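**Q** As a plain string of letters, each chain reads:
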Amino acid sequence: MKKKFNILELDVFYTILAIVIGFIIGAIFLVIAGISPAVAYGKLFSSVFSKPKYLIWTLIYASPVIFTGLSVAFSFRTGVFNIGAEGQYIVGSLTACVLGIMLQLPPVVHAIVCILGAALAGALWSFIVGLMKVKRGIHEVLSFIMFNWIAFYLSNYVVNIPIIHKEGGGEATKDVAATARILFPQSIIKLTDCSAANAGFFLAVIAAILIWIIIEKTTLGFKLKAVGFNRSAAEYAGINADASILTALSISGALAGIGGAVQILGMGGRLSQLAAQEGFGFEGITVALIGSSSPIGCIFSGLFYGAMKYGGSKLTMVKAPSEVINIIMGCVIIFIAISHVFKTLFKRFSRKEGK
Amino acid sequence: MNLITNLGLLLNATLIATPPLLFAALGSCFSERSGVVNIGIEGMMTVGAFTGTVVAYFTGSWWIGFLCGGLAGAILATVHAIVCIQFHADQTIAGTAMNFLGTGLALFLCKSIFENSSDTPALPSTSTMPKLFAGILKVGTFSGNVFGGYIMSYLVFVLAIACWFIFYKTRFGTHLRACGEHPEACESLGIDVYKVRYICVILSGFLAGLGGSFVTLATVNQFRPNVIVGQGFIAIAAVIFGKFSPGGATGACLLFGLCTGIKTLAGMTNAVSPNLISMIPYIVTILALVLVVGHAAAPAANGKPFVRSR
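Quick note, the sequences are listed as chains A and B, same order.
Under the numbering used here, the first residue of the first sequence carries the number 1, and numbering increases by one thereafter.
Under the numbering used here, the first residue of the second sequence carries the number 1, and numbering increases by one thereafter.
Since the hints were derived computationally from the structure, they do not count as laboratory data.
On a predicted model such as this, the values are computed, not experimentally measured, just so you know.
We put the beta carbon where it would ideally sit given N, CA and C, even for glycine.
Be a bit skeptical, because a hint or two may be false.
Listed below are the simulated BS3-like cross-link pairs for lysine-lysine, each with C-alpha atoms no more than 25 Å apart in a straight line [what the hints assert, rightly or not]:
| hint | chain 1 | residue 1 | chain 2 | residue 2 |
| --- | --- | --- | --- | --- |
| 1 | A | Lys-225 | B | Lys-304 |
| 2 | A | Lys-135 | B | Lys-138 |
| 3 | A | Lys-309 | A | Lys-43 |
| 4 | A | Lys-343 | B | Lys-138 |
Simulated DEER-style distance windows between Cβ atoms [claimed, not checked]:
| hint | chain 1 | residue 1 | chain 2 | residue 2 | range |
| --- | --- | --- | --- | --- | --- |
| 5 | B | Gly-190 | A | Phe-349 | 30 to 40 Å |
| 6 | A | Ser-232 | B | Pro-121 | 53 to 63 Å |
| 7 | B | Ala-297 | A | Ile-7 | 24 to 34 Å |
| 8 | A | Phe-349 | B | Gln-86 | 26 to 36 Å |
| 9 | A | Ser-195 | B | Tyr-194 | 35 to 45 Å |
| 10 | B | Ile-283 | A | Leu-8 | 26 to 36 Å |
| 11 | A | Ile-7 | B | Pro-225 | 58 to 68 Å |
| 12 | B | Lys-138 | A | Ala-276 | 48 to 58 Å |
| 13 | A | Leu-345 | B | Asp-192 | 22 to 32 Å |
| 14 | B | Tyr-154 | A | His-340 | 44 to 54 Å |
| 15 | B | Ile-283 | A | Gly-168 | 53 to 63 Å |
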């Protein structure tokens, strides 16, 4: 029997539907607040699409959340829930920043060292939590939450250490050495008129493809998925479940750590004292969900999130609260979470039509 | 400064830091034990904190604000309940959405009401939560520090005892615990699993909302961004730490509260970096987990959507 192509079978269809519904609900709130949705959404879209420069800013905003999204998606696929991407992101950015300030290395090499350092820090941060889980049976959600806060205060502590801290200037570190930055060459920056144009997005795409290969095409990925799917069955088949969980968490942590490095070496250039967790880890959860936990999906959902973040930051210009983005995102997640309800509903409807 | 005064100050700081966590943690116990993971506590606390302040600001009454804060949390929890119970959504995902919605709604409405300001005006002292024995006990004395805290700082412990009673001494408590372990068995015995879970999830939002409005009505006297800063997640951590029981969660919240108290006191001397001191509650928790508590078994059916058989 030939299978007919049916749009109602596609996950993407329901994701787009959820996004549309999210925007409609956001519009309702804007109307209640006395703001024209047309004006607000118009500003949102024009801030992203009206100039090439804005599109590059979207890529810059998207890069770190693609990494944290990949981190969470990878953990979802391997059966653990990495709610600690926030902390891993922070130790990653911290490590990259410190290495970027303290070391003196030639360009490119310096950046690579910083990124590897950040990956290692993120992996370690996540590995400890994994160790507590497999050795002592401690719920990973609990220890991740603790580790997020320890990372947060650790970062603020290091920012204020005299050799790292910028003398006299604000609550931030010194600038990362130019050799460690992943900015594009001056000629491209001039051409695009975007001061922070950097290679972060390309790194994110490469990482997404690598993670896709690991999950779908390697024995390692198969093992990790098997443990996540059914631990006892995997152990029965001779897979070392503890080792798999530790590997999965380390890879997941490394991804979030690189996300932090990309933000510092790309856009930030220095680390500021944080007043609150910046939420890259939690945004990663959203990116992973919208991307159906697929690494390639994360590229697109990360771009969507990046666009919403960048466009949302311009909403204050039309006096619309930028928090409408959070409301839209919350609704999008809800409607993705219940997309199976729509699926059954539509299918029943289309079957009736067919009769 | 002598020992007695310091002890008094420490207890005072503990009594301020514990209640928001304890309200939220008790709520979380209900939800988790009935079998619904509620990771959206943070968002529910935030809407509670905002609504509590706004209502108290316009009515001039702290307790109406306090209750409305709870109701706001309950409304958000109702959405969570419908999505998780009726539509069998993944509960962790839905909870993440609640956090986005909660913080988003609170700040959105705040900016809409107060001319694009993300802070509400400060509450006048007449519409904030009163202190116990105000005017009778001297401020700054040991007894004043220990017994002169905010009213809800003491009532929350009464609530904790009430929760323990409901959990282990009432029919409903038995039902809710059973629903979290084996909903199919409950259904076969004629217990309405959906109804029990609805009640528990909505209650968890209500209590989280109360916890949130405690922060703004008692401690801070104002709503502003980051006023909750992760306390909802700490409450969830306390529940896991306390092995999903009201008594255990109370102990865990007191430990957090005490560590926060130590942090506040140590911060006054400025001898050690405040950032290092701020790590104390989290490091103590990790150590306690690794050395003492160990494995915390979640209710067997926790997080698994239950589909009613017809």
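**Q** If a hint holds in the structure, say so; if it does not, say that too.
**A** Comparing the hints with the structure gives:
no., hint, in the structure
1, Lys-225(A) to Lys-304(B), "19 Å, holds"
2, Lys-135(A) to Lys-138(B), "51 Å, violated"
3, Lys-309(A) to Lys-43(A), "13 Å, holds"
4, Lys-343(A) to Lys-138(B), "65 Å, violated"
5, Gly-190(B) to Phe-349(A): 30 to 40 Å, "35 Å, holds"
6, Ser-232(A) to Pro-121(B): 53 to 63 Å, "58 Å, holds"
7, Ala-297(B) to Ile-7(A): 24 to 34 Å, "44 Å, violated"
8, Phe-349(A) to Gln-86(B): 26 to 36 Å, "20 Å, violated"
9, Ser-195(A) to Tyr-194(B): 35 to 45 Å, "55 Å, violated"
10, Ile-283(B) to Leu-8(A): 26 to 36 Å, "51 Å, violated"
11, Ile-7(A) to Pro-225(B): 58 to 68 Å, "41 Å, violated"
12, Lys-138(B) to Ala-276(A): 48 to 58 Å, "37 Å, violated"
13, Leu-345(A) to Asp-192(B): 22 to 32 Å, "25 Å, holds"
14, Tyr-154(B) to His-340(A): 44 to 54 Å, "47 Å, holds"
15, Ile-283(B) to Gly-168(A): 53 to 63 Å, "32 Å, violated"
Violation of the numbered hints given earlier is confined to hints 2, 4, 7, 8, 9, 10, 11, 12 and 15; the remaining hints are satisfied by the structure.
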